[in-house]
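K.L.:
Letter by letter, the chains look like this.
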Amino acid sequence: MNLIEIKGVTHAYKTKAGPFPVLKNLNISIPEGSFCAVVGPSGCGKSTLTRLIAGLMFPDQGEVWLHGERVTSARKTVGMAFQNPVLLEWRTILQNVMLPLEIVAPMMPRRQKEERARELLAMVGLEGFEGQRPSQLSGGMRQRASLCRALVHKPDVIILDEPFGALDAFTREDLWQTMHEMRAKEPFTALLITHDLRESVYLGDQVVVLSGRPATTQYVMEIPGGGPRPLEILYEPESVERLAILRHQIQIAQGREAA
Amino acid sequence: MNWQKIVVPIAAVVVLMLAWEWLVWFNDWPNYKMASPSDLWPAFVRFQDLFWLYGWQTLWRTVAGLAVAVVFGTFLGMVMGLSKVMNEALYPLLVGFNAIPKATVVPVVALMFVGQHDFNTILIAFLISFFPIAVSVSIGLSTLEPEYRDILRSLGASRFTVFWKIALPKTLPEFFGALKVAVTLAFIGTNLVEIITPHGRGLGHLFQSAQTNSDFPLMFAVLIALAALGIFLYYIVVALEKIFAGWAERPAH
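As you go down the protein sequences, you meet chains X and C in turn. Note that this note's numbering numbers the first sequence so that position 47 is 47, with each residue one more than the last. Throughout, this note's numbering is defined as the position within the second sequence, counted from one, plus 259.
Isolated chain C (complex conformation):
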C-alpha cells in the first residue's frame, strides 16, 4: 500500500473541513443556517450511543437489501442476457419500474406490510438498487463474442459449462461496476424508509428527530455519519472487486 493512497485522501478531507469552517465563520452564519465542523464533534460525542446503534441498524439493513438485490439482479440479468425473448419482454417493465420515484413506493409498502419495519426497509433498499445490477449483467452476457462460445461449443461443452467457464467470469467487471452504483442507491433506499415512516430505527430516524428538535449540528452530524458508512461499504466492494475481477485492471504503461 502506497502512503500516498492514504495521506492524500485524508488531507483532502481536512482541507474540505477547514474550508467549511472558514466559510461559516467568514459569513457569520448562525447554527440554524449552517452548522460548522467544530459543532459536529460535540453532537457526535453527546449522542454517540445512538450513532453506534442507529448506524448499525442502517448498515445491516442496507447490506441485507443489497444482498437480495445482488441475487435477484444477477438472476434477472442472466435471464435477460441469455434469452432474447425475455429481454424484449422484461426491459420496458424494468425501465418503467425504475422510473417510479421510490419515495412514492415507501408509503405503499408501509401500508402493505404494516409494522414490518426491518422487512420494509430491506425491501425498499433492494427495490432501488437491483436495476443497475440486472442491466449490467444482461449486457455483459448478451455482448459475449460468438468466438468465445464456439471455442468451447466445438468441443461439445454444454451451455452451462460455457456460462460457468466464460460468460460469468467475463461479466464480473461490469457486475462490480454496477455494484458500486447499487451500494449508494441502497443507502438512499434505507434512509428514505427511515425518514418517511416513523418507526424509530436507523440514522434516518436520528436525522428526523434532530430536525424535530431543531438540533442543526446533529442533523449535519448524521449526514456525515451516512457519508462515512457509504464510503465504508463502497471500499468493501472495491476490495471484493480487486479479489474477483482484479484481472480486468490493465497494467499501467
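The shape of chain X in the complex, shown without the other chains:
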C-alpha cells in the first residue's frame, strides 16, 4: 500500500495579478517505508508540495492521501525539517527535540519524553550535547537535532525540505549517512525536497523530477537496493549513469533542452 498518494494535484496562489499556478496535475506515490526524493528547477513549487502533504494547505484540485485517509487538516503523524533548523534558542537541545511530544502526547510522563529524545540524540551522535543551547552547536549538529525533532513522535512520514542545503559538502555527506543509519534503526517513510542530484540518488528509493512551474511529474526513477550504502556507490558506473539521466531531465525541466 502506498503511504503517500498524490493524485492529480493542481494548485494556484491567488495574487493581485490573477492566479499564479504552481502545481499542475501532479502525481506521486510513495510506498510505506520508502524514501522519495523530489528534484526540480528552482521555484517550481516544491515547498508548496510539502505544505500540502503536511495538511497546512489544501489543493485547488486533486487529492492528497496519507495512510489511506484523505488529508483534510493538519495531522499529528507528520514530522518536518527545513533548510533552516528553526530550533528554539531558549530551549536546550533536549527540550527542543521534546517539543513535538508536548503537542502530540501532552499526557506522556516527562521522563518518558526525555528518554525518547535522548535515544534519538544518541542515534545521531549528539550524546553529551543534550543540555547545550542551539547557538552553542555547529550548523551540522543543529540540523541533526532538527532531524531528531522531526522523528521524536514516531511520525508515519517525515517531510524534509532541503534540510542539508545550507551545510558544507563534508557535513552534508556525513548527514546523508546518518539518514541511512536512522532509517535502518527506525524505519520511516520520507519525502525529501532537494536541489542536489547526488543527494537524491544516494538517499532515494525513488527520484521524482518535477517540470518547471507549474510543476507536474516529469520523470520518475526507481533506485533498487535500499538500506545503508557506502558513499563510494556514487562513483560507480550505475550511479554515474543515473546522475546523467537526471541531469538531462532537469535541463528539460528548465526548458534548456527538448524532451
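Simulated from the structure, these hints should not be mistaken for laboratory data. Note that the coordinates shown come from a computational prediction; the quantities given were computed from them, not determined experimentally. A virtual CB, placed ideally from N, CA and C, is assigned to each residue, including glycine.
Pairs of lysine-lysine residues, derived as DSS-like cross-links and limited to a Cα-Cα distance of at most 27 angstroms, are as follows:
#, chain 1, residue 1, chain 2, residue 2
1, C, Lys424, C, Lys501
2, C, Lys264, C, Lys439
3, C, Lys429, X, Lys76
4, X, Lys154, C, Lys424
5, C, Lys343, X, Lys16
6, X, Lys7, X, Lys76
7, C, Lys343, X, Lys14
Chain C residues, not near chain X, derived (Cβ > 10 angstroms throughout):
#, residue
8, Ala270
9, Val272
10, Leu275
11, Lys292
12, Leu318
13, Val329
14, Val330
15, Ala348
16, Val364
17, Val368
18, Gln375
19, Val496
20, Leu499
Chain X is already provided as a structure; the job is to place chain C on it using the hints.
P.N.:
Frame of chain X; chain C shown alone:
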C-alpha cells in the same frame, strides 16, 4: 560577579564628580550658576526626610505607570503583530499619538481628572512609555519565520499553542530592549506631571520648590536623586532580562 563590574563604574562616577568639582572651582562659578558636588551633600542631608518621601512617591508612581504600559503595550503589540488589518489601522494612530509632546497632554489630563494627582501621574507615565513596548512586541510577532509556525501547526497545534510556545518567548529579547527605553521614558512622564501641576508630591515637586527658593544646590541634588532612581529601575529590568531572556545572550567567542 566580577569585581571589575562594580569597581569600574564606581571609579567612573568618582572621576566625573572630581572633574565637575574642579570645573566649578577652576571657573570660580557661584552657586547660582552651577553647584558643585561638595554643595550637594549638605542639601541631601538637610532635606533627607523629603528625599525619602518624595523619592518613594516618584518611584512607585513610575513603576505603576510602567506596569500599565507593559500590560497595555504588550496587548496592543499582540493585536498589531498577529493581525495585518489591525496593524495597518493602528500604526498611524500610534505614531501620531506618540508625536504629541506629552508636556501638552499634562494640563489636559489635569483638567479632566481634577485633584486625582496619583492617577494623573500614573496616566502620563503610562502614556509616554507604552509606545516602544507595543512597537517591539508587534515587530517581534510579525517577523516570526513561517517555519517556526509550520513545525507546530503540522502537528495540529492551535494558534494559541504556537503563540505560547514559540511567538511569545521569541519576542522576549525585543520586549526587554523596549522596556529599558520605557523605564527612562516613564520617569520623564512622572516628573513632567510633578513639575507642571502643583500638587506637592514627588521629586519633581521638590525640584520646583527648590527653584522657587533659588536653592541651586538642592535643584542639582534632586537631579542626582532622579538619576539614581533611574539607574536603580534600569538595573532591575536588566536583572529580569537575565532571568527571562538570558538565552538571547550569545556566548563570547
